Every structure is written in structure tokens, then in C-alpha cells.
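Model the full assembly from the supplied sequences, consistent with the hints where possible.
Protein chains: 4
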Amino acid sequence: MKKITVFLFTLCGLALINAQTHTHISAQPLSYPNIEGYVTLKADLHQHTVFSDGNVWPTIRVLEALRENLDLISLTEHLEYQPHSADIPHPDRNRSYELIKAMEEAQEHGLLIAHGSEITRSEPVGHSNAIFITDANQLIQDKPADAFAQAKKQNAFTFWNHPAWHAQSPQGIPILSDFQKERIKKGELHGIEVINSVDYAQEALALALEHNLTVMGTSDIHGLIDWDYTEKGNHRPITLIFAKEKSLSSAKEALFAGRTVAVYNDLLVGRETYLKPLLEASIEVTKAAYMPDTQVLEIELQNNSSSDLIFENQMEYTFYDSSPVFEIAAGTTKKLLVKTLEIKDKLNLKLKALGCFTAPKAQPVLEWEVKVE
Amino acid sequence: MKKITVFLFTLCGLALINAQTHTHISAQPLSYPNIEGYVTLKADLHQHTVFSDGNVWPTIRVLEALRENLDLISLTEHLEYQPHSADIPHPDRNRSYELIKAMEEAQEHGLLIAHGSEITRSEPVGHSNAIFITDANQLIQDKPADAFAQAKKQNAFTFWNHPAWHAQSPQGIPILSDFQKERIKKGELHGIEVINSVDYAQEALALALEHNLTVMGTSDIHGLIDWDYTEKGNHRPITLIFAKEKSLSSAKEALFAGRTVAVYNDLLVGRETYLKPLLEASIEVTKAAYMPDTQVLEIELQNNSSSDLIFENQMEYTFYDSSPVFEIAAGTTKKLLVKTLEIKDKLNLKLKALGCFTAPKAQPVLEWEVKVE
Amino acid sequence: MKKITVFLFTLCGLALINAQTHTHISAQPLSYPNIEGYVTLKADLHQHTVFSDGNVWPTIRVLEALRENLDLISLTEHLEYQPHSADIPHPDRNRSYELIKAMEEAQEHGLLIAHGSEITRSEPVGHSNAIFITDANQLIQDKPADAFAQAKKQNAFTFWNHPAWHAQSPQGIPILSDFQKERIKKGELHGIEVINSVDYAQEALALALEHNLTVMGTSDIHGLIDWDYTEKGNHRPITLIFAKEKSLSSAKEALFAGRTVAVYNDLLVGRETYLKPLLEASIEVTKAAYMPDTQVLEIELQNNSSSDLIFENQMEYTFYDSSPVFEIAAGTTKKLLVKTLEIKDKLNLKLKALGCFTAPKAQPVLEWEVKVE
Amino acid sequence: MKKITVFLFTLCGLALINAQTHTHISAQPLSYPNIEGYVTLKADLHQHTVFSDGNVWPTIRVLEALRENLDLISLTEHLEYQPHSADIPHPDRNRSYELIKAMEEAQEHGLLIAHGSEITRSEPVGHSNAIFITDANQLIQDKPADAFAQAKKQNAFTFWNHPAWHAQSPQGIPILSDFQKERIKKGELHGIEVINSVDYAQEALALALEHNLTVMGTSDIHGLIDWDYTEKGNHRPITLIFAKEKSLSSAKEALFAGRTVAVYNDLLVGRETYLKPLLEASIEVTKAAYMPDTQVLEIELQNNSSSDLIFENQMEYTFYDSSPVFEIAAGTTKKLLVKTLEIKDKLNLKLKALGCFTAPKAQPVLEWEVKVE
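Going down the list, the protein sequences come from chains A, B, C and D.
Per the numbering used here, residue 1 is the first one in the first sequence, and the count goes up by one each step.
Per the numbering used here, residue 1 is the first one in the second sequence, and the count goes up by one each step.
Per the numbering used here, residue 1 is the first one in the third sequence, and the count goes up by one each step.
Per the numbering used here, residue 1 is the first one in the fourth sequence, and the count goes up by one each step.
Mixed in with the good hints there might be a few duds.
Here are a few chain B residues that face chain C, going by a calculated C-beta distance under 7 Å [to be verified]: (1) His166; (2) Gly172; (3) Asp199; (4) Thr294; (5) Tyr320; (6) Ser323; (7) Val325; (8) Lys339; (9) Gly355.
Note that these hints are calculated values from the structure, not bench results.
These numbers were taken from a predicted model, which means no experiment stands behind them.
Ideal Cβ positions, reconstructed from N, Cα and C, are used throughout, including at glycine.
So, in C-alpha cells, the structure goes:
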């Protein structure tokens, strides 16, 4: 129910960058490496269209997803909030899903589309998305508990939306209600948004860890991805899902098993079990050789992810050139000169990822065994 | 009825420009100077939304228009083509207009909204937009002639859409049908699109001049302006209207009087009476002084329009530095060194605007009396 | 004592644009196609270093040339003007040439280095460069005529520098002196700069044609190429030499034979015999097929040169989409839709190159026989 | 003989980014705020020209400094290494200083020029710069100790260059020799380069702290600043000097007093006494107000320095939107939403600057008292 807020920045005086006539560069496609045993799926499971309070026809959401190279999306129209109903009566709540599930562009690029809906209630129930449902109409229930029960009956994966939203929690602190605790106990609530649109709540991460909920990141888009994210230099928030294969059923299995990392640009949040291997796979050692006539080892590190990563040296050895705190921008390479004091044939490279979190204040320390050429 | 074709260029291999994380620069707001006696209104009078075969809610069209700094828009839903009717029954064809006419963002920025509709028939009737209508429902008629008659009854300004469209004219040559000749004679057809979306037909300009039709340029947008135009480095096509003041009634009066220029980026097309003064107003002489100890006059020309303009020297005098054919990019300044052979106190600067057309092969020659400082 | 290490990254394939706080993008390497029977050499034969009134050590000129992908350069120190002589006594005027002729970076990239000098006298002698000399010291003569005679004795190619320079000609009009006419007659003056630094004089082109002089374009650089050209979005002016092969002797033969085109960014000036085939080779037809169900032929044109080229349609057929005046930017592709009225199996594509000159007011008309697929 | 005209356009207000085929954007001028009691001078005190082993005439160094908006430079030609002596006999070693000390461009922009020289010996003496000397010739001595003694006699400020340079120390670890210890004891060695060209040695910082040496950062430029730094997206390394006023004598007093911070792009290294107030002055709180109906405080932070700064939250309060680790890019503004749990009228904002070092592994924690509006 968060409203679209359009920032008309080009109208406000001087545009900072005045490129020739009028340049415009689109979103780069997102890319994250697979990890041992799993394929990494890029998913956005919280989106709206004209079929609830969004501003675009459902097909636009598919085209947007393809531009950012997503693997899985879900349209999650509000079940109880239908501001366009005067024009779009919307008797069948499966409609927006139906309109895109067989869309040619999606098929061609292998974009998976999961059927979903947003159960939209005031506190203490709050908003929750049920994904992998079979019939949205059945989720329209008088009593919230019945909606969740129905979602479970459909074997849906259900997660709590924007738990820290100030309109529902003026302190911005998510508090798990008795209703929600009951849902968790009954196996009717399985995940929690740690990142929703541009907001990250580290207390939501704490709740995820405490209550064994799956960590989620979503765009909650109502307007245009380009206007809300791309043109400000951002990507939409996504959930990386570590699935046994690229399929709807595998994605679902992985979500229930909690195999996710939430990503918003350079912020990655998730359980250490998945975040650490993801980051270690993201950085590839492409070279390791001593500078001639020195005991200085030159290592080349390539960031194969779409996130700029900030590292801090955790080794006993220091660097010849770089600051101990350094960034490897998405898709780029960084040369590191390590002063190993003597010629070695392998090095245990150890770096802390400062912008990534496995718990509210815990950043993962990564390790790579570097073989000297 | 032209379909949206989305070019997923970021997916196709390597993006040419790989800006840091993912840059994105929005459309620059459009700007064209007023001419003697008239204010210059930037208008796009051919647009679609979900209420016919477009893909966005009407409010998006207002936000797009504000980003490009337009003064006047019209939503022109197809009367006879309603592919979304299963979801949007659309009993009142004034609906998309109603949804935005009082929109706060439009009011705030003074964006004018004209009520319009597209009469959508096959050849020889073709497609035509009626703008400044009072009730779209009345335009739904069995016989095309009745639709035009009704538009006239509502005092609408009516123009022929994409006259060269290959789906209706496989040679791409617009041919005025007897039906249309009849409409012109009866005062029911007043304008013709010379530029529709990315297409310019110089034969349409010839027809405009021959039959005294108003020259029009429109986007005919169905998807997103950003995807179809901005991100390819283009602005949408517009019609510049030379109105006595910024109001709906003045814009209408100007359209009936034929006071327009059609613009698509650097292509400007219109009657010489309006195109010449527009271009002369677009170029401001901001400096004129002799280089010390020479007979070389330094002139500074500033392009106050949003079109890159290409000029060719038409004077007897030659330049000291520049090629006789040169561009002044939108919003920039060009220094010109003119070899006047002797010191003069004024110069009749004479340039042909190579990318602008007052007739199929006629480019206007512009003149400025430059006073030496 | 740390050595300068120049990373010629613009030469190595695709340059990444790395926009951040303080971006800086280097010159793109220049590229022009060969023409029938000749290889096209990119040459800058007018440059200065600390050995006359320039501001860099000679090696910098080689590195600059490699960054712009030149094939041939010459350092042309003023013989008579030595403002640094207090610090650089410069007894041997071959010195700056000697310092770079065997430079490893030049060898590696095949950069040819011709030995040259500038004969620097006041009017009516003016400044002239003698290239392919064997001993600069012999050109230091009391009488200008003796300097030219000596250059001829060394079989040098000699050309008149900046003939329109306002410091020597306050009207900016080049006037051939009796002294120079005498030199031409004696076979001691063979070329003329039509473009010198940022200046183009069409009267110099007229003189070239009238007196059968070779058309030259040079940077006359004293400071840094980056500061004078690159950072303003320009390339340095060059002379394209159409040589039988890439060698000093072939370049010299071609210069004496007048096989050149002077280039400054998008301005190309030269004899029709060479400019026309150069432009025709610069534009490659990469596709030609009819749009389905139409008589509209889609042609794809690729500009393989480093100059943005502006064209005007010269055919009887008109375009479906484009303005009759259009640009194909350097290294890009333009789709052209030609309305051929009936299906044809070949088309004689005919375009005038508006920014290119074969005589003061003459622009070449180019032709390509396009075979329909 | 046409003179070099350098257009210092990046100094004149807003630079327009002119992206086209071959773009090139110059270095942004550097800017760092003053701190309580001192003006902050941006200095580069280690540079070479053709008068030792550099590749440009001295005037280029002044123009480069103006482009980056430096306040103080010194040309430090090698006394003992003169590879250009065959061409530049260089009998008076004050020559490169003399050539620029009165240069008009320097005067106009208030650029201070200190007289300096590099004492260039092999290990264990190493290389050292003596700045604020009065006669470089006197520093040419057979015995290194005499050179240092002479520098002291001239009241020079002397510092150890690139102490970790692998050519002199193959492990890359700086080791203070007995000779150098003696110099420190005698008051003949006062500073140490912690950053030299692209290299940072944290062991050099440790030595600076242990032996009470002034922390220095220098470019050690031999070629072009643009090629070595700017076009790779970097600024040259500099020393920020906290002087009582902008003058040579104040800069000298500050250097002897150890009031410096070494800067290379986003790496700032210095004593906590100066680095902490510099960073606190660099971040300006431009707004602080509660979001309506919440206990979430919106703070706007503006980075007035030319370094991108990475911060980590050190408060008990968490953020509503941002990651606890975030960057504020140079010259930009960051909105921070702090969840203060209750409405407060002031907040002690506390952030650690992750990329800045006051000792090898110590990053400063900064504090700002934020008054709520």
C-alpha cells in the first residue's frame, strides 16, 4: 500500500550531468555467480500493477524484469485494497498472473513467473505475500487467520512485508505480533522482508535469525522500476535464491529451506551459510605472481557480481600499494600487492566484506587459497 | 494501433557504455523560445493508456510529460479498438481524460490537458485524432462520416494520423482518399501528422501545404516514453504550437490557424512563416567583436532550443576557423570567426538550417543583423 | 627516479567508461579505411617540443601519437626560433628527431617517424615545414631561398604552414607571395596547410587546387594534445596519406603525388579523386532487405571512420522514417528506410556528404550500389 | 610559433560533461575544508621536469596544479641524477624553480611555489626531498651527510621519499637506517612519505608516529598528471597542510609542526589531532527533522571534501533505510534516517571513517552534535 512517490528531479533547476543532447543509459543486467551445489536465482517477489494499486499493465513488469536479467518474479496484487476497482472490476484475482504467465518474451528468456498475492491488513496482522498459490480468489477471507490458512492449504510460501514500515510502526522497529507468532508456529509464515524498496531494517534480520524465517528483499514496485531505481543509479532490491535447479518448484523448495540472500545494490544480507560462499564465488583470483626481484605478491581479484564490494584486510601481511580498506566495483578487477615477507607458493587471502551482514553487526570474513603461479 | 516494440538492448551482449555501477540519465526537459507575438507551446496530442491499447495508467502520461517539460498533452484512446475491454469495460469513453484532468502534479506545473480521442478505421478512412472534444462517447458512430461530423459539432480540431504508415500504405506514400478530401472540404479535417513516432514523411508535408492542413508531430506512445525514446538518446516527437497565450483555447485557436512546427529531435518541419522566426529566435548572438589587430569578427552564437542545429554559411564572407557547415548543439554556444575583409559596424549573418524543412526539399535561410560591439 | 609508465589502454580494444566523481576519458584511437590501391596513413607532420618552443620532451609526442593511433609523425622544431636556448643550447638541430627515432614504443606499434624542421621567417616568406630531411643543421641559412634550396637538395617535401594566420595576414586570407610562387616553380614548395590547429581556410584549399599543392592538415601542437584537443571532445587535425604501403618512402611518394585528405574531426577536405573513395569506403552497407509486405527497403549503413558524417539524400526516392539530412556518427550504424515504390533487386544509393569539401563550396556526392538480399 | 593557450575550464565553475564519440573529462578541482584555527593547503611537494628525469617543461607543472586547484607545489629535481644533461647542461640547479616562481598563471590563482630538490642516493641513505631551500647548488655534496647538513643550514624541511620502494627494499617494508636515525636526531630529517605515487605503506605511518615525523603524501610525477592519475579516475596524492595562513612561511611552520594529512583519493592518513577535525569539517549536517508521525529522525549529511568517505554507524540507534556501512561520495549529500525510539531535540551522531587511518589499523570515530529543527 506504499504509494508511488515520483521525484521529478529533472524539473528542479540544473541537472547535474548535462550530457550532450540527452543521454540515458539503462539498467545493466544483474549477475551473481552460482554457489557449490546450487544455481543462484535473482527474484523479485513483491510487485504491483493496475490490478491493485500499481500504475502499469502487467506486461510491463515482465519487460522490466528482463531488462534487469531477473530469473523469477511474482505479481502480488493487494487482495483487500483495490483502488482501481471502479475501472477494473477484477472479479477474478488470478487475472494479472494469467495475463503474463504465458507471455512470449518471458518464455524466450526463461523468466519464471510465480503466482502470488498480498494479504493486506492493518496491524497486528500487517501485510504478507503468499507466493506459489494456485487460486488467489480463495485467499479473500473475512478473518486474516483464514487467509493464511488458505495460503498454507495451497502450499504457498508466505512472508511478512516491510515489517519496519513507519506507517505501521512509527519507531521503525518491527515487532512480531502474537498473531504472527501463531502463524509461524502453525507453519503459515515462512519469511520476512529484511529489505523492502529502499529500506533495510537490521532488526528484521535479527527476527529472521531468531524465528528461523527466510530472509527476503523485494522492490514492492508500484510505479516504474526506472524512475524509482535505475535513474537514481540503483538496482531494485532482490532476493537471491539458491535453488537446486532453475525451476519454480526448486525456487519454492529453496525458499522454504531458507536458502536466500537479500540484495540492494551493495548491501547483501543473509545467513552466513549462504552469504559467505556467495561472496567467495563472487571474487575470482585471476592472477598471483611475485613482482620480479621482490617478496611482493601481485594478486588480481575480479568481482563477478553486480555489487560493489568493500573489503578490509584481515591477514597478518600488509599491502604494498592499496589501503587496507578497498572497494572492488561490480564487474571490475583490482590488483592487490601483498607483502608476504618471503616467497611463498600459496597464500591464504583473508578479507572482511564490510558492506555485507550475516547478523545485525556481523560482517563475514572470507577466505581464498591463492596458488602462486 | 501500432504495437509497442520493446528493444531489450541491454540484454544483447556487451553494452557499449559500461558506466560505473549502472548510470542512468533522464530526459532533459525540452525548451524552445517564444516567437514575436506568440508563446511557444510544446504539445504531444497522440497518446494511449490502458484505456485503449496502451500499457500504463493515465497518470504516468502526466508524469512523463512533466519530465520532458511539455505544456499540453492529450490522451487519444482508440474509440473502436479496445483490447483491454475484458478487464476494463470502459463504458464511459471520457474516463482516461477524467482521471487526469484535475491531477495535482499537472496543475502545479501548469500542464494543459486537452480532451481527445482517436477515430480508428481502416482505409480509406484511416486513423484520425479529434482534440478538444467535449464528449468522447458521442464519437462512437457506425458510419465514419458521422464520427467526423460529431467531432466538428463539438468544435474539435481533427487531424490525420500516420498517413504514410506501411500497414495501411505499403509504399509508405500517403494518399489522400476521397473520403478525406470530403472531410477537408466540409471543415472536418484540419491537420496531418508529418511526424508520427520515429517516422517522418515528406509527402505528408507536401499534402499539408497543398491542402492547407496544420503540420503535426506526435509520439503515438503506447509503452513508456523512456523505453521508446529517452534511453535511445531521443526526445519524443512534439508539435510546437504558437499560441496567443498559454491556455487550452489559445492552443486550439493556433491549431486551427495552422501555427505549428513539428519537431523530432533535430528535425524541424513547418511552414516558413513559423519555422523561420522560431529558428531565428533559437539562436542568440551573445557577442560580436573584432579580434585585435585583424579584420576577423568573432561572433558567439547560443542555441536556446533543445534541437542540435546544423547550419551552412550563406554569406559572401568566409570563416577563419570553422567549416562552412557546422552544428550548434542544443543548449550550447558556438564561436564563429567571420573574415569581413574590412572593419564593419554591423554584419548580416546568413545561415541555412540544413536539418529543417519548410517544404519537402526546402531548407530555410535565416538572417540576423549582428551589431559589432 | 621512478619511471613513467604509460598505459596505452585506449589502444587495447574496448575502452571502459568509468564514470565516478572525477571521470576522465582519453582520446579514442583514430581509424580510417584504406582505399582501392592504397593504405591510408594517419599523419601529423607539424609538432613542437622543448627543442624549440614546445613544452614537452620529444618522447611525449610519440606516446600521444600512439594514443590516437597515428601512423606517421614528424617533430618540426623552429630552426630560427629557439626560446629555450638558454637551457637547451641545441647545437645539433637533428637532436629531437634522434631522441625518438629508435624509441621502443614507436617500433612496437609501427609508428613511422619522419625527420622534419620548420623554416620560420616573417612575411612574405612565412613559415614552412620541410619533411623527410636528412640534416636539419644544413637548413639554417641566412637567406630563406637557400634554406628551401637546401631542403630540396635533401629531397624534402616542403609545405606552407598556417597560410591564413591572422598574425601574418590580418584579414585571415592567405596570399601567395612572389617568393612562394618562385619556390613552387622551382619545385621547392609542394604543399599547403588547409587546416592548421583548429583553423580551416577554404581560400587555402583554393590555392592548393590552383597551384597543384598537396592538401595538408596538422596540429601544430606546442602544449599537450589532451589539453588542446581531447578534453574539448576533439581529435587533433591530421593528414590522411594514401600510400602504396606503410613506409616512410611510400608516404613521401604519396605526399609528392598529392594523395591526401586533411581531417579535423568531422571536416574532411581534399581532392575529389581521394576524398570520394575515402568516404565511400567509410560507409559500409551491412544490410539491405525489404520490410515484409511493403515496398520499403531497409538499408543498414555503418560508418567505419572516426568522423561523424552528415549526409543529404540525393535520390529520387524518399525515406520512410529519417530526415533527408542525417548524421552517421563515427563508429555507429544507421538504419535507412528507402521508399523504392516497387520491389527492386538493387538500388543506387546516392548521398551528398555535407561536411566534406573537394573545393571551397563543393561537397562530394557519393554512390553505392546496394544489392538487395 | 603559435603559442600554447591553456583553458583552465575546470576551474571556472561548473564543468559541462560533453559526452559524444570521443569524450574526455578533466580532473575536478580538489577541495578540502579548513579546520578550527587553520587553513587547509593542498600541496604536492615531490615533482620532476625535464630538468632532472621528468618529461615536461616546468610550466606544465604549474598548469597541472591549477587544474587540480592545488595551493602549493615544489619541483624537486634529482641533484645527483641528470639523464638529460647531454641536452640540458643545467649548471644552476635552481633553474626549474626560477622558471616558474614568477609565472603569471601561478600568481593569478595564488599558487605558492616552494623551492626544493631531491637528494638522491642509494641505500642506506635513500632519497629525500629538501623543501624551502634557498640554493640547490649548495646541496650537491660528495658526502650525503653534508647534503643534509647544508639543507638544514638553509632551514629546509626534509623528508624521506618512498621509504617502502621495492627497488630499494624488496620486501616493501621501510627500515629506518642508522644514517637516517642520525639525521632525525640532528634535526635534519623531519618527514616521511606515507603515500608516494599510488603506493601507501602503513609501516611508514608507524615510523612517522614512532619517530615523530611529519606525514607526507606526494605524486612523485615524472610524466603527465592526466595520464598517471586523472584518466584512471584518480587524483594525484597530496599533503594537506594545516597552516595559520596561506603563505610559504606558514606552510613551512606547519610542516615542521607535523600538521598534515596525506591524501590519495579516498584514503586519508594522518595524526588523529588533524585527521579527526578534518573529517568532521568535511561532513556538514544540513538538515535534521523528524519524519511526520514517527520517531525517525531524518538527517542530511553533505560531504564537502573531494574524497568519497565510507562510514560505519557507531551509535546505539539503528537506521531506517541505510546499511550501517555507507558511502558519501565527494561533493554529494546523503540522507540518513535514524530510529531514535523517542523524539529528541539533539542527537550525538557517531560514525567511524572506515577508509581513514590515524595509525596502521586505527580508524577515527567522528562525532557531530546534531540539533533537531
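Checked hints:
1. His166: Interface hint status for His166/B: holds (4 Å vs cutoff 7 Å).
2. Gly172: holds (4 Å)
3. Asp199: This interface hint holds because 5 Å falls under the 7 Å limit.
4. Thr294: holds (4 Å)
5. Tyr320: This interface hint holds because 4 Å falls under the 7 Å limit.
6. Ser323: It holds, given that the least Cβ distance between Ser323/B and chain C is near 4 Å, below 7 Å.
7. Val325: holds (5 Å)
8. Lys339: holds (4 Å)
9. Gly355: Where the cut-off is 7 Å and the nearest Cβ of chain C is about 5 Å from Gly355/B, the hint holds.
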